[in-house]
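There are 2 protein chains.
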Amino acid sequence: MATEGFRPLDDKYLVEYIKATPALSLKLGEKLDDLQIKEVGDGNLNFVYIVVSSGGSVVIKQVAAAIPYLSSVSILTHGERWMLIEELNALPYVRCLGESWPMTKERAYFEALALKEHGRLCPAHVPEVYHFDCNMSVIGMRYLEPPHIILRKGLIAGIEYPLLSEHMSEYMARTLFFTSLLYLSTTEHKRSVAEFCGNVELCRLTEQVVFSDPYRESEYNRWTSPYLDTDAKAVREDDALKLEVAELKSMFCERAQALIHGDLHTSSVMVTHDSTQIIDPEFAFYGPMGYDIGAFLGNLILAFFAQDGHAVEANDRKLYKEWILRTTEESWNLFKQKFIAVWDEHKDGHGDAYLPSIYNKPELQHLAQERYMINLFHDALGFGAAKMIRRIVGVAHVEDFESIKDARKRSDCERRALEFAKLLLKKRRQFQSITEVVSAVRQLHDQIVEVIKFAL
Amino acid sequence: MATEGFRPLDDKYLVEYIKATPALSLKLGEKLDDLQIKEVGDGNLNFVYIVVSSGGSVVIKQVAAAIPYLSSVSILTHGERWMLIEELNALPYVRCLGESWPMTKERAYFEALALKEHGRLCPAHVPEVYHFDCNMSVIGMRYLEPPHIILRKGLIAGIEYPLLSEHMSEYMARTLFFTSLLYLSTTEHKRSVAEFCGNVELCRLTEQVVFSDPYRESEYNRWTSPYLDTDAKAVREDDALKLEVAELKSMFCERAQALIHGDLHTSSVMVTHDSTQIIDPEFAFYGPMGYDIGAFLGNLILAFFAQDGHAVEANDRKLYKEWILRTTEESWNLFKQKFIAVWDEHKDGHGDAYLPSIYNKPELQHLAQERYMINLFHDALGFGAAKMIRRIVGVAHVEDFESIKDARKRSDCERRALEFAKLLLKKRRQFQSITEVVSAVRQLHDQIVEVIKFAL
Chain B
1 MATEGFRPLD DKYLVEYIKA TPALSLKLGE KLDDLQIKEV GDGNLNFVYI
51 VVSSGGSVVI KQVAAAIPYL SSVSILTHGE RWMLIEELNA LPYVRCLGES
101 WPMTKERAYF EALALKEHGR LCPAHVPEVY HFDCNMSVIG MRYLEPPHII
151 LRKGLIAGIE YPLLSEHMSE YMARTLFFTS LLYLSTTEHK RSVAEFCGNV
201 ELCRLTEQVV FSDPYRESEY NRWTSPYLDT DAKAVREDDA LKLEVAELKS
251 MFCERAQALI HGDLHTSSVM VTHDSTQIID PEFAFYGPMG YDIGAFLGNL
301 ILAFFAQDGH AVEANDRKLY KEWILRTTEE SWNLFKQKFI AVWDEHKDGH
351 GDAYLPSIYN KPELQHLAQE RYMINLFHDA LGFGAAKMIR RIVGVAHVED
401 FESIKDARKR SDCERRALEF AKLLLKKRRQ FQSITEVVSA VRQLHDQIVE
451 VIKFAL
Chain V
1 MATEGFRPLD DKYLVEYIKA TPALSLKLGE KLDDLQIKEV GDGNLNFVYI
51 VVSSGGSVVI KQVAAAIPYL SSVSILTHGE RWMLIEELNA LPYVRCLGES
101 WPMTKERAYF EALALKEHGR LCPAHVPEVY HFDCNMSVIG MRYLEPPHII
151 LRKGLIAGIE YPLLSEHMSE YMARTLFFTS LLYLSTTEHK RSVAEFCGNV
201 ELCRLTEQVV FSDPYRESEY NRWTSPYLDT DAKAVREDDA LKLEVAELKS
251 MFCERAQALI HGDLHTSSVM VTHDSTQIID PEFAFYGPMG YDIGAFLGNL
301 ILAFFAQDGH AVEANDRKLY KEWILRTTEE SWNLFKQKFI AVWDEHKDGH
351 GDAYLPSIYN KPELQHLAQE RYMINLFHDA LGFGAAKMIR RIVGVAHVED
401 FESIKDARKR SDCERRALEF AKLLLKKRRQ FQSITEVVSA VRQLHDQIVE
451 VIKFAL
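Protein chains in written order, with full-length UniProt numbering: chain B, 1 to 456; chain V, 1 to 456.
Same shape as in the complex, but just chain B:
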């Protein structure tokens, strides 16, 4: 039976569950009677509990089935959410174990698997998984204690994170390189590819919200109306844009380049001044590397364009905008540097892509790497642009803009971001370096700001 072994956690059952699970109870120390439990739903059909004792802490996440467009269920009451979840769990899903076909596993399984795999490859920037219970869809993992906050909130608040580009580039370089054919044998790679094919439901969701809905009429689309009505319409009528998006979508669906996070925007990153932790890889699968890199860069650029909406007299955000652009630039440049460094380190390994017996001359190796990186760069720009567009005219928006209360001001910021994203998507192959991209951001921003000033 589909729900065999599954039972929703509540405060009371959670304590029982922890006591019966050594991997969790050991993290909380001897005394389990003083547990402090706080439920912090993430707005999706997840329940996230922070559990703190005098001896330690854990986060316990219970993941329900993934259904498109229910991301706004946070407006439901606790009871209503559980009714919904129970309904979903009555669907003919098959739980994780003992089944031959991975397609029927559900997303908690893939989230836990990706956390473990990425954590193994980059433990400094991925929270440790203590426990995974497939039947219960429960993941127990490290609690990212205060002052960790969601990066997006930090960017809205105008906080600089001096190590962010260093850490993010390290995470991306290691997780992407070590799950690609630059490091893996074909056998290892295909085995993993097959396994993650099972995460198809969330791939479908991405296809719809990123690559489809913004380019057609959809009841789910929204934008800052009426200011962006013509802009949204222009996106839906832009044939050149649609042709580019089709190619990106094909790449997203067909190209199993590496185990990507699949949703690497700035709300999937928790930060302090000196810590960067990547969370929520529930969309993970073998896809194009550029999708992760683009998600991160694109969301930084969104944050940049949102800054004018957060500017106040006391703080015009000028310096902060420069910090964002510098971080964008460094994130790619450091990524490239680190990626090539691990490649060099492992070029004589058993990765099946570039055999040392063929690419055995330093200058040829260098040429091959440069070609690989420029292709990856263009992929990242394309995906980054698509991710920006969908946040402005698609279903799910970003707090960077949403928190700008004045709709006209918000729409001005959004329009600049949208214009830049369209340019980037269409002309991405003309950019040879991230410095050129950042210059184009600056140029477009200044131009439009001039136009607006002039119009006023």
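Simulated from the structure, these hints should not be mistaken for lab results. These numbers come from a predicted model, not from an experiment. All clues stand as given, with none of them false.
Where chains are identical, the list cannot tell them apart; a pair therefore holds if satisfied intra-copy or between any two copies.
In silico lysine-lysine, DSBU-like type, Cα no more than 35 Å apart, as pairs:
1. Lys338 to Lys422
2. Lys405 to Lys426
3. Lys405 to Lys427
4. Lys347 to Lys422
5. Lys233 to Lys347
6. Lys338 to Lys427
Got chain B sorted already, so can you dock chain V onto it with the hints?
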């Protein structure tokens, strides 16, 4: 145990097996006592039996494990081959059923699966499968009765097949279109992709013999020595070529575009004047469409360059060479036409690549198709060129050239083919139509022939 249920077929056991298998015995009619059995090994570790009765006929193929570089075992005696096969079967392979991980299934499984799937999509050009026995690695299928012969042998003999391009383009258009995201939903597609990831051993073999060995020193490589010694060396030292091959290899390994045959050269096709049948899809997996199309076109071009070696006073093969070029041209052009026709027919279907709600204008649909087809064309040219190169300086050669007894004459033919293939691989993106490609074939051939005449 690995070999549970497996037993090698011999003439005697074959009769028992047929009698106990209704799907086979029904094809042979009432009287099973007059069976005529002929073993026609295919040079690989397969046993192929033609079984004919007064009431009908079948082919029964028993497939052993795939081990690289044993393709020349046809020199072994029957007894020696079975000793080898029994050794291979003692390896820790797991038979097809009851196992959760498709990776451990073996190649008979994928061959049967691909035959059935491609047969369903294009029954006119794929022999019907009557029976598949996974434990025995036995496939029972339609016997392609005389005068069917292997296409390659027909091309060597100088026989024209007026329907070849029509049939091959039909086969390629249907099998590739209907297994791609142009027709399938992401869910259907990923399910199949995952399944065929299990055919990894044969993918590895292709990677090695097509994309790796020709470009490095390898004990398996051979060429017409001493005449092509410098040519082979030039391939191994051609950095531009190696960079292009790296990109093709990545595409082969990463891009799950459609269920491809995986080995679509002219020995995988059986023909008569009015029948074309595609066999032996044991390399099938979800890969780039261009690999199949390129294999076929590339092998036609090899056949073209071999013709001068088959010319005799009574038949200079001039007209036949023109027929081959015309067939090459038509094969692509008809493929493109048929592929777009099925695409148009199913553009409002449930394929996830180009949603009708986005690509809803005829001119946009047309632009999208043109862009798709030109990319596919360039992929096909690249893969075709790589397949040509490997047949001249790699492990496995083609009878087109091998049957030219005079080594100097053979090497002249091979050199022209090799030069053309190198050009094609490096400059493929400059060709906008197959007519341009065929002109380049003709031009290079005539130039070099002139040079040779001049030198003599």
